[in-house]
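K.L.:
Chain by chain, the residues run as shown.
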Amino acid sequence: MTLTLDAPRIVKTAPLVQIRGVNKSYGSVVALRDVAATVYPGEVLGIVGESGSGKSTLLRMMNLEETPDAGSYTLDLPDLDGNLFDLDRFARRMLCATRIGIVYQNPHLGLLMRHSSSGNVAERLLVAGERRFAVLREKAREALAASEFPLERLDAPPIELSGGMQQRVQLAKAIALEPALLLLDEPTTGLDVSVQALVLDTLKRLQRDRHITMVIVSHDLGVIRTLADRVMVMRRGEVVEVGLADQIFQDPQHPYTQQLVHAKL
Amino acid sequence: MTLASLTKPWAPMSYGFLDASAKRELRRKMIKAVCVPGCQMPYASREVPMARGWGTGGLQVSLTLIHPQMRVKVIDQGADDSVNAASIRRFLARVSGAPATLDTLEADLIQSRHRIPEEILREDQVLVLQVPNPEPLRSVQPNMSIARQMHGDADYGRMWLQLYEQIVRSGRVMQGASYPSMVNGRHVMTPSPIPRWDVPKLHMAQHLTILSAGREKRIFAVPPYTRVEPLVFDDVPYRVEEHGGLTCYRSGAKGFFMNEIPQGDGSSAYEVSDSEYGVKAIRTRDGEAIETGETWYKNGEMPQ
Amino acid sequence: MTPVLDIRGLSKGFTMHHLGQGFAAFSDISFAVNAGEFVLLKGANGAGKSTLLRTLYRSYLPQAGQVLFQSAHGPIDLARAADIDITYLRQTEIGFVTQFLVARPRVSAEALVAEPLRLAGMAEPEALDTARHWLQTFGVKDTLWPAYPTTFSGGEQQKVNLARALIRPHKLLLLDEPTASLDANARAALVRRLADLKAQGTAMIGVFHHPGDVEHLIDRVIDLTPNAPLQEERQDVAV
Chain R
1 MTLTLDAPRI VKTAPLVQIR GVNKSYGSVV ALRDVAATVY PGEVLGIVGE SGSGKSTLLR
61 MMNLEETPDA GSYTLDLPDL DGNLFDLDRF ARRMLCATRI GIVYQNPHLG LLMRHSSSGN
121 VAERLLVAGE RRFAVLREKA REALAASEFP LERLDAPPIE LSGGMQQRVQ LAKAIALEPA
181 LLLLDEPTTG LDVSVQALVL DTLKRLQRDR HITMVIVSHD LGVIRTLADR VMVMRRGEVV
241 EVGLADQIFQ DPQHPYTQQL VHAKL
Chain E
1 MTLASLTKPW APMSYGFLDA SAKRELRRKM IKAVCVPGCQ MPYASREVPM ARGWGTGGLQ
61 VSLTLIHPQM RVKVIDQGAD DSVNAASIRR FLARVSGAPA TLDTLEADLI QSRHRIPEEI
121 LREDQVLVLQ VPNPEPLRSV QPNMSIARQM HGDADYGRMW LQLYEQIVRS GRVMQGASYP
181 SMVNGRHVMT PSPIPRWDVP KLHMAQHLTI LSAGREKRIF AVPPYTRVEP LVFDDVPYRV
241 EEHGGLTCYR SGAKGFFMNE IPQGDGSSAY EVSDSEYGVK AIRTRDGEAI ETGETWYKNG
301 EMPQ
Chain S
1 MTPVLDIRGL SKGFTMHHLG QGFAAFSDIS FAVNAGEFVL LKGANGAGKS TLLRTLYRSY
61 LPQAGQVLFQ SAHGPIDLAR AADIDITYLR QTEIGFVTQF LVARPRVSAE ALVAEPLRLA
121 GMAEPEALDT ARHWLQTFGV KDTLWPAYPT TFSGGEQQKV NLARALIRPH KLLLLDEPTA
181 SLDANARAAL VRRLADLKAQ GTAMIGVFHH PGDVEHLIDR VIDLTPNAPL QEERQDVAV
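Protein chains in written order, with the working numbering: chain R, 1 to 265; chain E, 1 to 304; chain S, 1 to 239.
Hints were generated in silico from the structure; no laboratory data involved. All figures in this text were calculated on a predicted structure; none of them were measured in a lab. Do not rely on the hints blindly, as some may be mistaken.
[Claimed, not checked] The calculated label-pair distances, taken between Cβ atoms and stated as ranges, are:
no.: 1; chain 1: R; residue 1: E152; chain 2: E; residue 2: R28; range: 55 to 63 angstroms
no.: 2; chain 1: S; residue 1: A123; chain 2: E; residue 2: N184; range: 31 to 39 angstroms
no.: 3; chain 1: R; residue 1: E160; chain 2: E; residue 2: E106; range: 56 to 64 angstroms
no.: 4; chain 1: E; residue 1: P142; chain 2: R; residue 2: R20; range: 22 to 30 angstroms
no.: 5; chain 1: E; residue 1: A154; chain 2: R; residue 2: E66; range: 49 to 57 angstroms
no.: 6; chain 1: R; residue 1: E142; chain 2: S; residue 2: P125; range: 16 to 24 angstroms
no.: 7; chain 1: E; residue 1: S139; chain 2: R; residue 2: G27; range: 32 to 40 angstroms
no.: 8; chain 1: R; residue 1: T189; chain 2: S; residue 2: P125; range: 35 to 43 angstroms
no.: 9; chain 1: S; residue 1: A123; chain 2: R; residue 2: E142; range: 18 to 26 angstroms
no.: 10; chain 1: R; residue 1: R131; chain 2: E; residue 2: P142; range: 35 to 43 angstroms
The beta carbon of each residue, even a glycine, is placed where N, CA and C say it ideally should be.
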């Protein structure tokens with residue numbers, strides 16, 4: 001028994017991300033059922049849920065890596081109208097390369113492990129059409145510095161780096177073009193606790209200094225609590241609860257959220 | 001009317017070795033390749049009496065284009081007299097009755113492995129290049145299906161990244177032969193393993209170049225007057241091999257692409273790689289009235 | 001004068017699904033707070049003092065009633081406002097001072113304190129200067145400013161927390177036992193800061209273990225003990 005919330009009245013800016021009615025099945029397995037999500041500019045949305053809840057699938061859809069069976073996805077950006085799921089492969093690729101950044105849990109998915117770290121970052125700029133070597137180098141260096149990567153290892157291949165450093169390279173690559181939307185898929189899972197803290201701090205710093213809109217998926221509630229303004233709880237492909245981060249953690253409404261919050265804390 | 005008047009007499013093989021349907025397919029694919037410069041067209045590479053990888057792609061194109069009046073020149077790494085060049089030249093002449101020549105100026109059709117002659121080719125000449133690996137994206141994308149999509153999307157970021165990596169690691173672009181080049185501003189091609197020296201010759205050339213890979217079953221083309229631009233960063237200029245200052249020890253020709261010949265004392269001698277050009281230089285020096293064509297490179301430099 | 005905050009019939013209870021039961025924290029609470037007014041919440045343990053503060057801040061979702069807040073953008077019902085509006089108001093107009101610092105690893109005390117100003121768009125050097133001023137005011141030694149508060153004692157952490165929470169003025173300030181574990185100097189600094197803010201027109205609702213600390217600031221006392229008369233005059237503060 002709670003009150004139904006009003007539509008925003010003070011904040012007049014349109015949401016950056018709007019996802020509506022997304023459904024996806026793999027054979028008889030329902031991955032997402034009627035999922036909706038809204039993210040405002042500068043906001044950090046956390047998505048929590050156990051494995052198989054559909055949270056990573058949803059994130060991959062936001063990166064246009066997968067197409068749903070039904071549903072719409074819009075980004076409120078200049079020169080970008082309509083349902084992004086309807087874009088052709090070429091338009092998708094350009095959009096992902098220039099406006100959306102992603103950091104995967106597994107660095108192998110996001111990085112060329114044997115290329116140089118700076119090259120991994122420079123690739124983004126190359127795809128966007130930069131053809132000056134000196135500029136590529138400088139911008140790669142800047143992005144790596146912003147994600148607090150040690151610059152003396154600028155040209156070391158990720159395969160020679162620690163997990164935390166690999167995530168920084170991914171992050172640098174993701175933010176090199178100042179994306180409108182940064183997607184993070186379990187960015188700290190599998191890292192040592194101390195390294196985890198460093199990566200989280202870097203993310204927090206980016207959020208503060210650049211006001212990047214982020215969507216972060218994690219099963220680690222500590223990560224979500226540290227970063228997210230709002231939290232979306234997913235279970236078996238459905239959104240069971242959405243709310244302010246502190247409300248979700250302190251006053252969870254749905255039985256599943258209560259179970260999740262109490263189990264993890 | 002007799003049966004004999006309606007049919008051709010029996011012959012042990014078709015004119016030019018390939019049967020009519022094979023030639024027709026090759027003609028169609030060549031036209032397609034000319035229409036979309038630099039784009040690889042698949043074709044059903046036929047068996048020819050030569051092992052795959054020895055120029056079967058180029059040979060099929062030559063066999064399709066050849067006719068009895070066409071003068072044929074075949075070179076291998078610039079030389080007319082290598083075993084491979086000689087046997088292909090003899091084969092072409094034998095199955096078509098076409099006259100063979102060593103002179104670039106005289107030739108109507110030039111089949112070449114890994115070089116473009118030093119004398120400028122004309123509009124009425126066709127250059128056929130033998131290609132081992134037609135896919136420039138192979139080194140960055142082993143999955144050929146995805147590579148084709150990348151060509152479709154003009155998604156060449158990885159090619160550029162490869163150059164970036166070479167500069168970062170070695171201080172310069174290490175790509176020697178097969179330097180990836182953008183054709184007509186759209187498709188990146190690998191210009192067969194011709195040296196960097198030869199790539200600028202393709203840019204806005206008067207002649208038609210057809211590149212054919214027999215083992216990989218791909219044809220692509222650079223039509224006359226088509227832009228061919230090596231992939232280079234705006235601030236890292238394209239550089240050809242530093243042969244501009246070298247002199248051929250046999251002919252005295254200077255400022256052309258050279259073969260390096262190691263000497264017993266550890267030094268190197270150089271001889272001009274385009275063997276017929278070297279022959280012409282020697283004969284001119286010896287006082288013969290030999291016609292030598294204009295060369296692409298002048299004093300070791302390619303005029304802009 | 002329109003009150004800054006007008007609470008009408010506010011109720012909050014919790015449903016514990018795994019126990020299959022619910023319980024009410026408070027129900028049908030109504031009172032209003034004017035600009036520059038300081039309201040003290042009182043009541044026995046479990047009467048719902050902290051719960052009320054958190055409900056007003058929307059860390060808890062109210063179940064019934066209205067919380068009309070006069071924001072700079074016009075009146076808005078905090079009980080039903082969209083999450084994004086609440087986030088915006090928290091950044092600009094509504095502050096919450098708790099007993100505990102949420103320290104983050106590898107973030108220095110001064111950076112942590114400066115963060116609200118940075119989020120509001122202030123340049124880093126200026127924000128850090130202001131942060132250092134407030135750290136000093138609350139008695140944090142300057143050697144600790146660039147250190148990480150995760151390693152601080154409870155008292156020092158609380159000072160950092162206060163500096164952070166009070167660094168920028170708000171229209172409405174919710175105070176949840178901010179004096180707990182503070183030494184006398186810091187407590188005095190806090191009271192001075194609260195008095196300043198009050199004079200600037202900040203409406204405050206507070207829960208204090210030892211209301212004596214802030215006695216002279218209190219305008220009104222509201223007793224949340226069930227069946228207690230809802231409002232008392234300031235003179236009757238049970239110290």
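K.L.:
Run every hint past the structure and note whether it holds.
P.N.:
Hints, one by one, checked against the model:
Against the hinted window of 55 to 63 angstroms, the Cβ-Cβ separation of E152 (chain R) and R28 (chain E) comes to about 57 angstroms, which satisfies the hint. A C-beta distance of roughly 51 angstroms is found between A123 (chain S) and N184 (chain E), which places it outside the suggested range of 31 to 39 angstroms. Our hint of 56 to 64 angstroms for E160 (chain R) and E106 (chain E) holds, since their Cβ atoms are close to 58 angstroms apart. In this structure the hint that P142 (chain E) and R20 (chain R) lie 22 to 30 angstroms apart at CB is violated, the actual value being about 39 angstroms.
For the hinted restraint 49 to 57 angstroms between A154 (chain E) and E66 (chain R), the CB-CB distance of approximately 24 angstroms leaves it violated. Our hint of 16 to 24 angstroms for E142 (chain R) and P125 (chain S) holds, since their Cβ atoms are close to 21 angstroms apart. A hinted range of 32 to 40 angstroms holds for the C-beta pair S139 (chain E) and G27 (chain R), which are about 37 angstroms apart. Checked against the hint of 35 to 43 angstroms, the pair T189 (chain R) and P125 (chain S) passes, with Cβ atoms roughly 36 angstroms apart.
For A123 (chain S) and E142 (chain R), the Cβ-Cβ distance of about 20 angstroms falls inside the hinted range of 18 to 26 angstroms, so the restraint holds. The beta-carbon spacing between R131 (chain R) and P142 (chain E), approximately 26 angstroms, falls outside the hinted interval of 35 to 43 angstroms.
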